[in-house]
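Using the sequences and the hints, build the whole thing.
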Amino acid sequence: MTAIGVVLAEIIGTGRGGRPGDDVLPALEAAVRAILAKGRAAWPGVAVDEESFARWLAERVASEDEPARALELLSGEDLFLACGCAAADHAAVAAFDKIVRGVVGPSVRRIDPSAAFADEVRELTLTRLAVAGEGKPPRIAGYRGQGNLRSWVQVAAVRIALDLRRSARPASAGSSEAADPLVEVEAWDDDPELECVRQLYRDDFAGAFREALGTLSSRERNVLRMSALDRLSIDQIGAVYRVHRATVARWIGKTHEKLFAETRQRLQARLKITEREFESLMFAVRSHIDLSIDRFLNASGP
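Here the sequence shown is numbered in our numbering, starting from 885 and rising by one per residue.
Worth flagging that the hints you see were computed from the coordinates, not collected in a lab. Note that the structure is a prediction, hence the values are computed from the model and not measured. Every residue, glycine too, gets a C-beta built ideally from N, C-alpha and C. Incorrect hints may appear among the rest.
Here are the simulated lysine-lysine pairs, BS3-like style, with alpha carbons at most 30 angstroms apart [to be verified]:
id, residue 1, residue 2
1, Lys922, Lys982
2, Lys1020, Lys922
3, Lys982, Lys1020
Using C-beta positions, here's what the derived DEER-type ranges look like [stated by the list, open to error]:
id, residue 1, residue 2, range
4, Ala914, Ala1090, 43 to 49 angstroms
5, Gly1137, Arg1049, 35 to 41 angstroms
6, Ala975, Glu1095, 31 to 37 angstroms
7, Pro997, Pro1021, 32 to 38 angstroms
Okay, here's the thing in structure tokens:
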């Protein structure tokens, strides 16, 4: 068995409660080697040994039912760079610094447009993410590759910028010191784009979503209200309309799709950002649009 195979058998086996079968290991190793090759091609100056990278990848898919498939869905090239940064590879840190510099300015401009503010956020972002603390790995070790690294950095920069703005204001009586916005860094990767939508574009999204709700028909709005606010099951809603539960499920699905499309159209008209940034934001809107339904339907009344 190869060195990579040994690492995969150890970590994947632990996560799955036993050694993976011989039919699984070849696919896993092939996936790791493919990601390793892409990482080295993308970042030719970064030195990451194959066993360390195999361990880095395996730890991120150890509990998956289909780890080889899960590996294919990760942002492998970004994970390669992150692995190098976590190991304090100079080329990796320098490359990561370039990403930080490219992301921070556009990300924090809406919070504070000054160059001095962007420079401060840029320095703090690099330090907090790529520099290890006392007895702790750098926070980039928390990046799990389920979203692209630029978006992950964008969230970090936004949180740091917001924290700087809050700390610059006089503290109100009895208020406690603001918590480090990076403490929960391990959770960012679950949904970095949503955090950017929530923090940067809250008002724009609220207006666009409210307008999108206004395009729904009476039945669409009522069914949505029954499902989201009244918490009725599709069987209960089906009884109201005397239709099959599958029909109700289809109605709800189409209503969500309509809300997404209408919100997208209106949000794009409001925001002055690049197409790439917009697509990243809309991923969050599509994945979490149901989180806004309760609040807006409640606020709008019957």
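Tested hints:
1. Lys922 <-> Lys982: Holds, at about 19 angstroms.
2. Lys1020 <-> Lys922: holds, 29 angstroms
3. Lys982 <-> Lys1020: holds, 24 angstroms
4. Ala914 <-> Ala1090: 43 to 49 angstroms: holds, 47 angstroms
5. Gly1137 <-> Arg1049: 35 to 41 angstroms: holds, 40 angstroms
6. Ala975 <-> Glu1095: 31 to 37 angstroms: violated, 48 angstroms
7. Pro997 <-> Pro1021: 32 to 38 angstroms: With a Cβ separation near 34 angstroms, Pro997 and Pro1021 satisfy 32 to 38 angstroms, so the hint holds.
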